[in-house]
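Engineer: Respectively, the protein sequence lines represent chains A and B. Taking my numbering as reference, the numbering of the first sequence is continuous, increasing by one, and the terminal residue is 253. Taking my numbering as reference, the numbering of the second sequence is continuous, increasing by one, and the terminal residue is 246.
Any given hint might turn out to be false.
What the hints assert, rightly or not - Example chain B residues on the side facing chain A (calculated, C-beta under 8 Å, incomplete): (1) 74; (2) 95; (3) 140.
No lab work stands behind these hints: they were computed from the structure. Just so it is clear, CB atoms sit at the ideal spot from N, CA and C, and this is done for glycine as well.
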Amino acid sequence: MHQPLALQPLTGTGPTDILSVANNPVLWICVAGVFGVIVIQSIVFMRAARRAAPSVDMSPQDIRTSFRSGAVSAIGPSLAVSLVAVALLGLFGAPAVLSRIGLIGSAAYDVSAAGIAASSMGAKLGDASYTQAVFAVAFFAMSIGGAMWMLATLVLTPLLRKGDAKIRSINPAAMAVVPAAALIGAFACLGLGELPKSGIHVLSFLVSAAVMGLCLLLARKLGKSWLREWGLGLSIVVGLTAAYLAAGPAVGA
Amino acid sequence: MTSTTTAEPSTGSTAMADFGRTTSRWGQATMIAGLLISVAGPLYLVFASGLDVAPAQLWIAFAAVAATFGIIWIVEPLTYYPVLGPAAMYQAFMIGNISNKLLPAALIAQTNIGAKPGTRRAELAAVVAICGAAAVHLVSLAVFVGLLGSWLISIIPPSVLLVTRLYVLPTVLGAVLVQAIVSMKQPRTTVIALAVSAVVVFAVVPLLPSLAMMSTAIAVLATIVLAWFFRGKSDAVAVAAPAHIE
């Protein structure tokens, strides 16, 4: 599986056995490391909060209530995230999905970063051009993207803590328009970019978009916020089901 | 927006200063560790596992992603800070899924103990609630994705796996685009973004295929410029919601 690139065709029938590379033991160790770091952080922060609590009239019972409320309210969203993560296992393998989609990042940004990285190598995620090398670069792009978020947090948090006037006085109109334009622009271009690939891509895209629209509409009309949490997972499952039915004959189903 | 750094009763100031010191020191240390470990995996894969990837390809991929999301990297921490407070920032940006999981967890905890937003008590409640949310999240990921998911992948028919791999991308992006449009609530920007993207995808890329790898960056830049140029008066006074979807 570790053929030099010279022996591989650049596109087409390259070694597309992604999962053998994606489940490399070193990647599993890194996932365990990220889990461990979050556990350590949570323990340190819990202890610090317990020490500080009496000074602000927070009883041990309040601490317990807060922890339990946080835990209980996270059950639904965590399961929703897990569903999305499972849907992406076939594309990225468990270690990348656990560290990128489950923790640190999110499905929207990391799948987008992977898609952008793949197209920078002239490849497309999931099809025959998606070789092990493309996977490695896509995984790198997702991870470095997440690292930049953390870097921004590391730099900005101390500055904001000091109440840096310059940062707080950023033009509010720019803060309203520019990020929204960047986000919608990015996802619109990435989304529309899927359409020319095939009719089934169009179908998957439209079905998933419709399910998400319906979920958000019902969430608002009926006041059911769980529909918002599960929107992405439901859209992916229904969209993939539609794709499977449409592609059935082609994949020998 | 209320800030979590507003004045507190003087009695609690020493203990809270200690809390601030501990959480910022350990928050930074753990975040740097998380950052290094998360980048180590792919770097190992690229350089040490026998795959032939040129460093230039990494830089190009990074540049393409930075051109698309660079602004969001900076804006997101800025917009979340007033809601989360300094300590929870280090938790939130490492655990992820902030708006759909961590913020609701923090708000519910604050409500349940009757802590007013913006107070020290509310800040502590948020940190503790995020610890609780993190515990649940880590367990559910390990069980449902790590164990159950890996098993699922090994038993599902190859045809299902193939369909998933081929078409999961359009399903994610279709849903995410709708989510972004609805949560941003900026119809003008939405129309501009869709028009620009349609031109880029259906006209620019087919005509100039060499621009394909930069297409998203071009669309983002053009959308920002046009949305700024044609911004409505109401946008100028609108308070920036956390620019963010998940």
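Engineer: Compare the structure with each hint and give your call.
Structural biologist: Hints and how they fare:
1. 74: Constraint on residue 74 of chain B satisfied, holds at 5 Å.
2. 95: 6 Å, holds
3. 140: 4 Å, holds
Comparing the model with each earlier hint shows no violations; every hint is respected.
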